[in-house]
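Colleague: Residue-level listing of the chains:
2 protein chains.
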Amino acid sequence: MSLIVFAPVGASLALIFAAFYTYTIFKVDEGTDRMKYIAESIRKGANAFLKRQYKGVGIFFIIMFIILFILAQFNFVSIFMPFAFLTGGIFSGLSGYLGMKIATNSNSRTANACTKSLNSGLRVAFSSGTVMGLVVVGLALTDLSIWYFILNWYYGAMPIDERITIITTTMVTFSMGASSMALFARVGGGIFTKAADVGADLVGKVEIGIPEDDPRNPAVIADNVGDNVGDVAGMGADLYESYVGSILSSCALAVAAGLSVNGAAIPIIIASIGVMASIVGSFFVKSKEDVSQKALLSALRRGTYFSAIVIAIASYFVVNNILGRENIGVYFSILCGLVAGLLIGFFTEYYTSDNYKPTQSIAQSSETGPATVIITGLSVGMKSTAAPVIIIGCSILISFVASDGFNNFNMGLFGIAISSVGMLSTLGITLATDAYGPVADNAGGIAEMAGLPSEVRERTDALDSLGNTTAATGKGFAIGSAALTALAFIAAYKNSIEQMATTNNIAFNFDLSILNPQVLIGAFIGAMVTFAFSSCTMSAVGRAASKIVVEVRRQFKEIKGLMDGKAEPDYASCVDICTKSSQKELLVIALIAIISPLVVGIILGPNGVAGLLAGATISGFVLAVMMSNSGGAWDNAKKHIEAGNFGGKGSECHKSAVVGDTVGDPFKDTSGPAINILIKLMSIVSIVFGMVILTFHIF
Amino acid sequence: MSLIVFAPVGASLALIFAAFYTYTIFKVDEGTDRMKYIAESIRKGANAFLKRQYKGVGIFFIIMFIILFILAQFNFVSIFMPFAFLTGGIFSGLSGYLGMKIATNSNSRTANACTKSLNSGLRVAFSSGTVMGLVVVGLALTDLSIWYFILNWYYGAMPIDERITIITTTMVTFSMGASSMALFARVGGGIFTKAADVGADLVGKVEIGIPEDDPRNPAVIADNVGDNVGDVAGMGADLYESYVGSILSSCALAVAAGLSVNGAAIPIIIASIGVMASIVGSFFVKSKEDVSQKALLSALRRGTYFSAIVIAIASYFVVNNILGRENIGVYFSILCGLVAGLLIGFFTEYYTSDNYKPTQSIAQSSETGPATVIITGLSVGMKSTAAPVIIIGCSILISFVASDGFNNFNMGLFGIAISSVGMLSTLGITLATDAYGPVADNAGGIAEMAGLPSEVRERTDALDSLGNTTAATGKGFAIGSAALTALAFIAAYKNSIEQMATTNNIAFNFDLSILNPQVLIGAFIGAMVTFAFSSCTMSAVGRAASKIVVEVRRQFKEIKGLMDGKAEPDYASCVDICTKSSQKELLVIALIAIISPLVVGIILGPNGVAGLLAGATISGFVLAVMMSNSGGAWDNAKKHIEAGNFGGKGSECHKSAVVGDTVGDPFKDTSGPAINILIKLMSIVSIVFGMVILTFHIF
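Those protein sequences? They're chains Y and F, same order as listed. If you use UniProt numbering, the first sequence closes out at 699, no skipped numbers anywhere. If you use UniProt numbering, the second sequence closes out at 699, no skipped numbers anywhere.
Chain Y with its partners taken away, still in its complex shape (with noise of 0.2 Å):
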């Protein structure tokens, strides 16, 4: 019995128990109609963008469907990837899908929890977050399964060393639909989410002076739907992407390892188990009646050390009784991943809370005018990329030698692949711990805007308030486990244009030095075009966010008895221009990263590639951590001051973080997550136009 298995056993536990947390959120009232109406809008407003959304990459991807339904013609892919490309969009949309449903559907409940006690509210938001979790791995393992017993049956007629090479070549061509569905999801939810968060402020607080999640704001539904479109639709096609990346690339460098059938499933037994022990770690967030940010977050972090700790525990056995004692090195690399994991979330927490000095001093900083906050808001960023970078390196490094890789190469970038499922095995709880964010977020916006008690706001504040940790803490490991992802798909690239060229009989070899010119002017590229990507991410968030403040300056000049809240701003026409100009905006950043990997390619031949990819990942990788951590930094040097630091909400000082906050949030929810999914699609590009590469190349 093939130890695959494991694979949908996992799977379905995991869509178990995230209808079983659904039906525990249904079972809580929605509150008074007033919050009803609220969380309606919300809905409706968050409908009417995945409508659109899916409408637009319906189209790229019939398009795409049709390149590559071509391309398979001429056995330039193989016969499956249309289909594939296919499914893994599919599967991906709906991890969105319903994570966003779900959220939409918890906000008014946590709210409306939070009038009874504050475990009532944090177990909805939790819940809400779970279940995003475990849909996104729950449907990512569906989609392996059902991929693999399809192959499987295709080629049964081989012999199981055969059989396997292939399968595992075939299907790490999949995530292309994943990647896809993600890079919209992502950049469409983040420029929306954006475009109304800057908007909303730029009117509502800087120019007319009412607070956040003020009702008479016309930009306030929007902004909430944001939350939700962007950092839960767009986090859970992310993280989905990588989950099946790295899974999936470390199946294929197994088989490249020369290890056996049952080796080749390590990581997709790492990935079940770490499915059941997220789904028992969910269990361990409770917290008390106290809303410290240290209680709660402790709360919530029990179920992650649970988690980790379970899988630490049982990848040894895994890997013990698998590959025996002597290749017990791959258990350490598992670890690795896994401590890498935490680490990079420790320090994210440590730049970007303001318990700890370096938001301070950006907070500081704003005695002396935006300027000073900018600067030093941009140093704290770049600073806060040296922790990441140096354990990611310690990560790749350990993984590579505890995995014998300097005496056997493939067994040691095997090593540096499964230290990524090792980090991502935690998916589950991970997710759950970043996805509850923006539920807790809307419950605040709802509780204010629905008129709650101070005692229920309280509540969902400190709720919200921990969100925004756990948010970049997520963004931290979003982006780790994306450059480890990326890592993994370099290997995968390499080996299967190498097979490619033996099965077509193209004389090729690989010169990936540092000096090859080709390498290194891909390398060049590559860094540019993180920039770029970046420059067309924030100048879209800018451009869609000038439209919000034209709309809602208007509302507040034409709608008479709007400012003295007489009358209904029209929450629908911000909603709508927030989705139109958000997908406008994606065609050409999606081109981005599928025509830059074919264009260097031509060009520069799969040396050149291979160059842009590892150029792409390093530099995309600092700069995701930097803009991240800033814009993170920036949000809460801003909470900082309202805390009642430097004079308060309202002061000079407010005004001037506000200016570091409002141009933090596309720097932390759009461009930089959107880096982290640039890298793995131009990858995955590259993996899946292999053959045409090496058939046209120039140099």
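Hints were generated in silico from the structure; no laboratory data involved. Any given hint might turn out to be false.
Pairs involving identical chains hold if they fit within one copy or between any two copies, as the list cannot separate such chains.
Distance condition first, Cα-Cα at most 27 Å in a straight line; then the derived DSSO-like pairs of lysine-lysine [what the hints assert, rightly or not]:
1) Lys584 with Lys357
2) Lys580 with Lys357
3) Lys649 with Lys584
4) Lys557 with Lys655
5) Lys357 with Lys547
6) Lys44 with Lys55
7) Lys44 with Lys547
8) Lys655 with Lys547
Owing to the predicted nature of the structure, the values given are computational and were not obtained by experimental measurement.
Knowing the structure of chain Y, use the given hints to seat chain F on it.
Modeller: For chain F alone, coordinates are given in the frame of chain Y:
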């Protein structure tokens, strides 16, 4: 007769004409007593800064000399190294010193000449720049000549081929002194100038509302001093180092490629031709009484174009005569660098001049406040990295292919290196165009402070405004040449380590594949170091600027009658604060550049170091371009508004634009340009300490 004789000839010509231009400048009168007084204050401040800086640098040089001397006793470095280190530092420091001396003596003379005509002013300012340019190239060639003749005499007993090998490989390490000096000058000057500028603006323009260069502002002299110490002395030392480095590494790579003694002299001959072309070109710079930017820019460019064309024609005959028709490809490599330098200048102008859309879009975004100014500016800077990367990429590819690199790898590397010599061959005149800017800027300040008539100020404003454009293009040129020089260093690094291994019977083979974890981790760290380094330089500016803010506020509060112009501010105290704080921050920053290759080398070995250098060069290039261009664009967006657009001076838009400009100051004048030196210094440290790393590395 050896062709190396071109070097002392070029050097002498450069120095003679530098003396000639100095003579013409000193013939011009310094103007009114008030002007003399202001100019004297600036000179005093600049001298005070340099004096203190050279004291700090002196200690650093003594320590490094001792370390190198000890290492030389154990044969870890050449016995000449410690002495060469000193001469490099002294010559580099001397070019900065002389350039600054002449600049601080030309500012009031330029202002005074502007009372006569625009052309007189232009001639004085440009002559000052030309002295700087010629001193830099003259001293560089002098240093090279002296050491060549010493080494040639010392190794005189060896056969010529062997002798040239040992001379070139020894000399390539000589840039370390120049590099270190450049770091101190560029970073120290950069911190000084921007602390003064930011501090002066924050209180003067934003808080109190007095115009730029207002004599009541206590930081105004420090600001003017800063232009000289940062943009003249710093830029000069930076380019001195690129110039020496590119010539030496090309010579070494010529020998590695198996070229003859005459072949190895080609870089020196091209450089010497460049000196002569620059001298002649400098006489072409003249203007009519037309203050439009277009007319002035074309006046300045005439000189550069003339020199470039002369070099393009002459190099053909040099290559053809020395290497013969079959190696004429090398000529195209030179041409490639020459053209790339000009092209980068064009694109830099496009992104940073307010004649074009990018900068205009920043100005427009000021309508929605400072946050959108920052977002748009960063976005423009990030997008602006595309063109230089593609230009450098094409330049690398073409110069490699033209020199037949795909068949003869070492010739290809020589091609890349010689293209950097081609780019830098116009340095004499390019630097003149660049160093002209701060003089014109100072002249404008003096005209303002001395209350010269408005038509004079109009002329100095026209010259100053042009200086902004040439400063931006100069920075692009400095970054482009630094990237190519750094690449040449990496290639030289590999050769020199291999030679060390052979000579000392150490078994070592490079594996520079990007999939080698040593290389990969090194590259990650390299990219991170550029960010961490920028963070340090930016926060140093922030800290120093806030001290200035406190001091300026204090003076306005404590000195009675200052605001009414009845009392004099205490200029010297601001100069003193800037000097002290810039020196205090320098040591840590310098240590990053020196220690990171050592630490990475000890842990990850020579492969890791190569990865580090590649990662730092690639990521640093992109980051430096982004920071310089964002900064330049913010500056000119502000100027665009001041010219009467979007409400003009004093409007809300203007205030927002000032925030952008303030953020841009450390970007474009401290962090961005400092990265150039960082990447070159790291490379040269790696070469110098190559033997230490080779002996003691862990992995």
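Colleague: Now, for every hint given, state plainly whether the structure supports it.
Modeller: Each hint tested on the structure:
no.	hint	verdict
1	Lys584 with Lys357	between (40 Å within a copy, 21 Å between copies)
2	Lys580 with Lys357	between (40 Å within a copy, 25 Å between copies)
3	Lys649 with Lys584	neither (36 Å within a copy, 36 Å between copies)
4	Lys557 with Lys655	both (23 Å within a copy, 25 Å between copies)
5	Lys357 with Lys547	between (37 Å within a copy, 20 Å between copies)
6	Lys44 with Lys55	within (16 Å within a copy, 69 Å between copies)
7	Lys44 with Lys547	within (21 Å within a copy, 52 Å between copies)
8	Lys655 with Lys547	both (22 Å within a copy, 22 Å between copies)
Going down the numbered hints, you'll see the structure goes against just number 3.
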